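Please build the complete structure, drawing on both the sequences and the hints.
Number of protein chains: 4
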Amino acid sequence: MTMPSPQPGGVPLQHTSLHQHFDRVRRLSLSLAAPLTDEDCQVQSMPDASPTKWHLAHVTWFFETFILERFESGFRAFDPTFRVLFNSYYQGIGERHPRPQRGLITSPTLAQVKRYRADVDERMSALLAARSDDAELASLVTLGLHHEQQHQELLLTDIKHVLSFNPSHPPYARRWPIGAVNPQALRWHAHEGGLVDVGHDGSTDGAFCFDNETPRHRAFLVPFEIASRPVSNDEFIAFMDDGGYRRPELWLSMGWDWVQAAQREAPMYWQRHGDCWMTHTLQGLVDIDPHTPVCHLSYFEADAYARWAGARLPTETEWEIAARALSRPASVHDNFIERGAFHPVPSAVHGDAQPVQMFGDVWEWTQSNYNPYPGYVPLPGAVGEYNGKFMCNQFVLRGGSCATPAGHVRASYRNFFPPDAQWQFSGLRLAR
Amino acid sequence: MTMPSPQPGGVPLQHTSLHQHFDRVRRLSLSLAAPLTDEDCQVQSMPDASPTKWHLAHVTWFFETFILERFESGFRAFDPTFRVLFNSYYQGIGERHPRPQRGLITSPTLAQVKRYRADVDERMSALLAARSDDAELASLVTLGLHHEQQHQELLLTDIKHVLSFNPSHPPYARRWPIGAVNPQALRWHAHEGGLVDVGHDGSTDGAFCFDNETPRHRAFLVPFEIASRPVSNDEFIAFMDDGGYRRPELWLSMGWDWVQAAQREAPMYWQRHGDCWMTHTLQGLVDIDPHTPVCHLSYFEADAYARWAGARLPTETEWEIAARALSRPASVHDNFIERGAFHPVPSAVHGDAQPVQMFGDVWEWTQSNYNPYPGYVPLPGAVGEYNGKFMCNQFVLRGGSCATPAGHVRASYRNFFPPDAQWQFSGLRLAR
Amino acid sequence: MTMPSPQPGGVPLQHTSLHQHFDRVRRLSLSLAAPLTDEDCQVQSMPDASPTKWHLAHVTWFFETFILERFESGFRAFDPTFRVLFNSYYQGIGERHPRPQRGLITSPTLAQVKRYRADVDERMSALLAARSDDAELASLVTLGLHHEQQHQELLLTDIKHVLSFNPSHPPYARRWPIGAVNPQALRWHAHEGGLVDVGHDGSTDGAFCFDNETPRHRAFLVPFEIASRPVSNDEFIAFMDDGGYRRPELWLSMGWDWVQAAQREAPMYWQRHGDCWMTHTLQGLVDIDPHTPVCHLSYFEADAYARWAGARLPTETEWEIAARALSRPASVHDNFIERGAFHPVPSAVHGDAQPVQMFGDVWEWTQSNYNPYPGYVPLPGAVGEYNGKFMCNQFVLRGGSCATPAGHVRASYRNFFPPDAQWQFSGLRLAR
Amino acid sequence: MTMPSPQPGGVPLQHTSLHQHFDRVRRLSLSLAAPLTDEDCQVQSMPDASPTKWHLAHVTWFFETFILERFESGFRAFDPTFRVLFNSYYQGIGERHPRPQRGLITSPTLAQVKRYRADVDERMSALLAARSDDAELASLVTLGLHHEQQHQELLLTDIKHVLSFNPSHPPYARRWPIGAVNPQALRWHAHEGGLVDVGHDGSTDGAFCFDNETPRHRAFLVPFEIASRPVSNDEFIAFMDDGGYRRPELWLSMGWDWVQAAQREAPMYWQRHGDCWMTHTLQGLVDIDPHTPVCHLSYFEADAYARWAGARLPTETEWEIAARALSRPASVHDNFIERGAFHPVPSAVHGDAQPVQMFGDVWEWTQSNYNPYPGYVPLPGAVGEYNGKFMCNQFVLRGGSCATPAGHVRASYRNFFPPDAQWQFSGLRLAR
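Residue numbers (my numbering), protein chains in the order written: chain A, 229 to 660; chain B, 229 to 660; chain C, 229 to 660; chain D, 229 to 660.
I should point out that these hints are in silico values taken from the structure, not numbers from a laboratory. Incorrect hints may have been included.
No copy is singled out in the list; a pair is fine if it fits within one copy or between any two copies.
What the hints assert, rightly or not - Below 20 Å or equal to it, Euclidean Cα-Cα: the simulated SDA-like pairs (lysine to any residue) are:
#: 1; residue 1: K342; residue 2: L313
#: 2; residue 1: K342; residue 2: L264
#: 3; residue 1: K342; residue 2: Q622
Since the structure is predicted, the reported quantities are computational estimates derived from the model, not experimental observations.
Below, the structure written as C-alpha cells:
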C-alpha cells in the first residue's frame, strides 16, 4: 500500500485519467450485481463470505471514511450508522458489526445501498474535479479503487457460494462454453537461481502496490524448474483415481485430518453424476472439462497433488521470478473478470517459449507462508491494518484469477488465504 | 389433529363458511408480510427460526401436498423442486432441505412465492367450491388453516428475532403505546381439585383440535391456587434486583449452567440504558412498562422466578381446569394477533371474580413436560408426524399470545418448547 | 430424603444395628475397588463419570462434611483442601472442583484416600458408639449410607466405561457364565387402574426414602397391561434386523438426530464380530446371550423399540403399582450387586402369577419425566440440593440393576437420567 | 534425520560409546519419572499432551519397532497390543490408538511399562554388544536416543500441565531458588548480513541431525541486530502494565481473537495474588522473579511483545547465524535438564562480547514458519513421517530450554509448535 509516485497508476491507469478510472471501477461493481435479485444480494452463506449488498456498501464506506471525511469540506456522513455496519476489520475506526452477522442486516436495503453509492460517487466526482492535482488524494483514491477491485473478486466468489446451496444451481451468467478445448502437454521451464531481487518494482509492475509487496529486497534462489501451465482437471482426476484422497502418506498431517473430518473425495463444488463429474459454476452446473485448470483447491489438496506428482509447489519467490521472465506482463488478453467467463478456460498453446496462464484463470498456491518481507513496515494509521496483521497461518497465492479485474494484479502481487480455504478460484502450478 | 366432526370448525368457523375462512386466513399471512422488504423476508437468524418467505411458501406447500395432490384431478406440482425445499420435517414425504440453510435459498424469490400462493389459492378455491360437502376435504383444509395460523405466529417471532440484529431496531409496526397502564394487584384463585376430565372437549373447545389434545381422560388433582394475572415486568425486575440471576439456589441445575454460559442477567431482548431497561419489540426499541406481563422468558427463568416468589408454575392440568372455569372462552376481545399490538399489554382489572389474560398476551410456561396423554395415538401417515415425535425434553405452554390468531387456541391447546427457548412471547402465571 | 422415623431404617437395617450397617456399607466400597490398580482408580473417561478414587473420597467427604463437622466436638478437617476437591455439586457448601477435571487430580493418591476413609470411619465409629440414641444423627447417617450405595453403583458403571477404552477389554471380575439360560415367553399382566396412591409408603417400602419419593399422593390410572419380563437381547436383535436403527418413523425426532449424529446401529458396548455380536462387560468381552435382558439402552432406543413392538413404555406410576402388586418386595434373592454378576442374568420362570425381574438386573426406563410430586418440598439446607434441582430433561427409571446394592431400592424409588444416557445398566419393560 | 556418518554421534557421544550413551539416556527417562506416583504417570491433561507412562512406553516402542524387529533374530514382540497402543502418529506402522484417549489406558500399568523397558533394554544391550560396528544399526539407535530425548522434554512439560490442575500445586522438584538474581541490561549485537550458509553443518553441529535441518543451503540476509538476552519477566510485566493484552493494534488479527476468546491477561501459569504475580512451576507455586526470562508464551504473545517494544522476532536464519557466531556451542554449562532447575534462571552477565542464554532456559520463537529447506527430502519409510508432514501452520523455535537434555540441541536444531501453543518453555529474544 505504499504510494510512492505522484502520478497514481497501475496498468489500466496509464492511458486514462484517475477520474475516468474511478467511474469505470465503480460502474463495474454495479454491473456485477446486476444479474442478482434483492434476495441474492442479502445472503451470507458462511462467516468467511459476505453478502453482495455488504460488498457494495463496504467499498463505498471506504471512500467515505478514508477520503471524503478527510478531504471534503463540510463533510456529513450519509448515514452515521453505516460507520459501524460497513467497517470490515479496522480497529482504528472503532466498533464494527460482527462479521458472521452481516447477512442478518436487512436494513439498509439494496435500493438504499445503491442510493448510498450514488451519493458518494457524486461527492467523489466533485472532489476529483476540484483537486485533480492533489497527489495525496490521488494516492488514496487509487488505494480505494484497488480495494474495490479486491471486493469485486470476492463478490463473485461469495455469490457463487450462495448459489451453490440452491439445488437447482441457478446460473449467474449464461455464456457457455467459455473456451475451446486445446490440450497442451505439460513442459518444464528451467531457471538458474542465484541472487535475485523480489518485491514491487515500479518500472515493470506499475506505480501502485500494496505495502505487503515492499520493500524490494534481495534473495538467494537455488536452481528450479516451473511447469508450463496449471494442473488440469484430467490430471487431478488421475490423482483421485489413484486413491489420492485415501492415502495419508500424500498429505500434510493437518491436511489428512481435514480430509477425514469431512470425508472429502473431490474438489469443492464437484458432484458425481453416475460415472461423470460435474461442477457448480457461475454458469450453472456443468460437466468437468478435462483440459481446464483445476480450481477450488485448498492448499492441502494442492500440496498433496504435487507430492503425488513427484513435484512440489513453487515458492512465491520462484513464482515471481518466473513471472518476471515472461515477455509480457498481465494484460486484458488474459482470462480476467472483464472477459465474462467467470471460470478458468482450457489451457491453450502460446508457443513453447514460456509458461502460459501465469496471470488470470486460477490463483496459484505457493508453498510460502504469508510473512513480512525483510524491513516491512505497515502504513501508519487505520489503513495500516490492511495487510500486516493477517501474517499468520496463511499461504501466498499468485497471479490472479478469472474473477480478478484486469490491471489489478502484477508479478509482485501477494494474495493470501488459510490452507483450508477453497471458495476462491485457487489452483496450482508445479515446480521441482 | 383428530377431526371427528363432519362440520369443520373451530371457534371462528362457526359463523362463516370454510371457504370464507380459508380466504381470511390466507390473506392474513400476506398482510403480516406486507410491512417487510424482500430482504427482510429472506433472512434466517438462527436454526430454530425460518425466513418469512419460507413460512409463506411452506404453509402453501402443505395445501398443495396434502390436499391438492390428493383431491385435484390432473394435479401437477407448481414447481417440483418445492416439494423438497418447503418440506419442514415430514420424513414420510421424502427428502427435505436442511433446516439451518433455509435462509440461503434465494430462488424462488419472494415475488415467485407470492405467485405460488396465488396459484394454490386459486386451485383451492375451485376445489372448495366444487366439493363443498366433502367432509374429509373439509377436515384436511381445517387442519391446513390451523397449521398456517401456527406459522403466522412463528413468522412474527422469527422476524422479531431478525430485526433484533439491526442496531437501529427498525419497527415492524408503528402503534405505540399499545395499552393504558392500569396496575392490578395479584390475587389468588382457589380450586378444590379432585377427579377432573382433561383434554379436548368438543362442546366447549370447538370442533377442531390437534391430536396431542386427545384423548380426553380423567386425572386426579390436589387442591391448588392460581394467580389472577401473569407476572409483570416490575415483579420480574424485583427478582433481578434481588440477585435473581446470581443465586444458584433459585435455579434448576441445568438452568444455572444456562445462566452462566451466556452471563445472562435479564430477559431476552432487554437492554440496559443507564438506569433504565428498554426492550426490542416489533414496535421498535421501547421502555419497559412495569405493568405489562414479562415475556421472552425461558422455562428456566420462569421456574427460577416462581421459586424466588415462594410459589411454583402450574401443571398443565391445573391451568386447563382454571381456564375452563372462566365465564368465557378465548375470544377476539383478548390480545391476539388481530389487535395489532404484537406485544403483551398491561394487565387491566376485569373484576375480582376470575383470572385475567389467561388467553392472549403471553404463552404461560407450565411445569408439565410435553408427554402423550394416556391412550394417545398419532394420526396415520405423514400428518401423524405433526406432534408425537417431539414429545421429549419440551415443556407445555398454554393460552396463546399477542402473536396468536384469535380462534386458534382453546383451553385444551398444548404448545411446547424446549426449556431454553426464549424467542416466543413466553411468560408465566404463578400457582401454589 | 425425608427421614420421618425415629428408628433409621430401610430394608437391610431392620435386623442390624446402624453401626453394623455403617461398617458393612463402607467395607463394600473398598471391596469394589479391590480388583483395580492405582491407575484404574485414577481415570475419568467422560465428564458424566468419575474416577473410582473420587467416588471413594466423595462419599467419605459426605460423612465428614454433613455429620462429623456438625456432631463431632473439636472437629478438624482431615485435609481442608478436600472440602473443595470432593464436593460434587453442593452450591451451599461453597466452591467445587470442576467436574470434568476430576480425573486430573493425582494428589491425593489412592493410598491417601484410603487413609482418609480409615480416619473418617474411626471417628464415625466413635460418634455412633457415643450417640447411639440420637435420632437426628441416625437419620443423617442413614442418608449418607444410601448416598454411598448410589456411588457404589456409579463406581461400577464408571469403571466399566473406563475399561471399555482398552482394546484388550480387561475383565473386572471373573465369574462367567453368570446364569443359566432359561427362556421365558413374554406374557402380559393386566391392572384395572382407577384411583391409586403413589410415593413412599413406610409400611411396605421401609422407613427410609429420598425426598423425591414424597409426598405420597393420589393419582388416577386408566387400565393397562405390563410385560412379564424385560425385553431380551434376541428381541432387540429382531428390532435391529428389521432396520430399527434406520427407520425414522420409529424414533422421537430428537432420538433420530441422536442416531444419525453418531451413526448408531446397536446398543452401547456392542461390537460385531463376523456374524455375531459381542459385548464389553465387567467380565470382559463376551458373546451376547439371547435370553438376557438387553441393557445400556438410551431412552431413545427403549422408546423406539417399544414403538416398533406395538407397545409403549410404562409410566412410573404404572410401574410402581405393578411392583406393589408383587408378592414380595425387592430382596437379596434378586440380581443385585451382592451377587457379583455385575451383569443382568437371563430371565427365568418363576411361575405365571406375576412379573419377574422387576427389581435388579436392569433399570427400566419409564415414559415419565422426572418431575416433582404434587406438594414436593426439598429438604432445607445444602442436602436439599440432592434431588429437586435436577428435575429437568430427565426420565425416571425404576427397579434397580445388577449394580445396585440390595436393600437400596424399593417400589417407590426414582432413579433418573437424561434420554441419551447409556452407560448405566438401563433396559426396558413393555406396557400397553 | 539424515545419518551420514559411520560413527554415530552428536555432541555428547564424542567421548562415550554408543552403548554407554544408550544406557545413560534410558536411565534419565526413568529418573525423570521417579518423583511421580502411579497416578501422576497415568493422567493426560489435554489432547496435545501425553501421560508420563505413555512417554516411557512410546520411546521404548520406537526401539522395539524400528530396531529390534529389524535387527534381532527370532524377534518376538513383548506384547503385540503395544504396537497399536504406543504408536504415536506413524501411519506407515498401521493402526494407532487415538491420541486424546492415551490417558484412558490403565493397562498396562506403570509397573508393567517398566518391565517392558527393562526387557527392551536388555535385548538392545545384547544387540549393541553383538553388532558394535554396524553403522546402520548405530544410526537408528542414535535416532532413537534423540527421539527419547525429545520425549524427556515433553514428559516434563506435560506433567507440569497435569500438576497445574491441582489447587495445591504439588512440586515435582524441590530445589529453590534455582539461580541468583543478576540483572543484565539489554544490549544489541549487530550482524552484517549477506550470503550465508544455513542448515546442519557436521563440523560444528555434531554428526547427528534431523532431516528437517537439511540440506545445508545458501541464503541472503539483510543486516540485523539481535538482543543480548531473552526478554525478562519485568520487561513483560511492563508490557502488561501498558495495556498490552487490551490493545488490538499490538496483535496479529488471529492473536487478538485468541486473547479475547479466553480473556487472557498474562502468560500461561501466572496467577495474580493481591498486587503480585506468582507462577506455577515444577518447583511448586513461586513468586515471579523479575530478571528471569519470561516463558510459556504463545507465538501471539511473543509477536505482540516485540511489536510493543518497537522490535521484531528474529527469523530462524538470523538466529542460526547469531548462534554460530558464539565462541562456544551449546554445552552442559547451559541451563539444560541435567541442571535440575526445570525452570529458566535469571540472566547473568558473561561479558559484553556476545549474547547469553542462546541455548537452554527458554525456546525462542522466531518469525519463521516451519517450512522445508530448498531441496528437502524426507527419509523413506515410516521414519520419514517424523518431520515433513507437520510443515503447516507451525512456527520455528530455536535454542532448547531448561527441559532439553544437554547434547540434544545445536545451532541448526529446529523445534516447531503452532502459534497458540504455550505449555512448552517458550520465550523470545528480540531482533531489529
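For each hint, the structure was consulted:
Proximity of K342 and L313 under a CA criterion of 20 Å is satisfied intra-copy only: 15 Å inside one chain copy versus 31 Å between copies. In the homo-oligomer, the alpha carbons of K342 and L264 lie at most 20 Å apart both inside one protomer (14 Å) and across protomers (19 Å), since each shortest distance falls under that limit. With identical chains, the CA atoms of K342 and Q622 are never at most 20 Å apart, being 34 Å at best within one copy and 44 Å at best between copies.
Consistency with the previously given hints fails for number 3 only.
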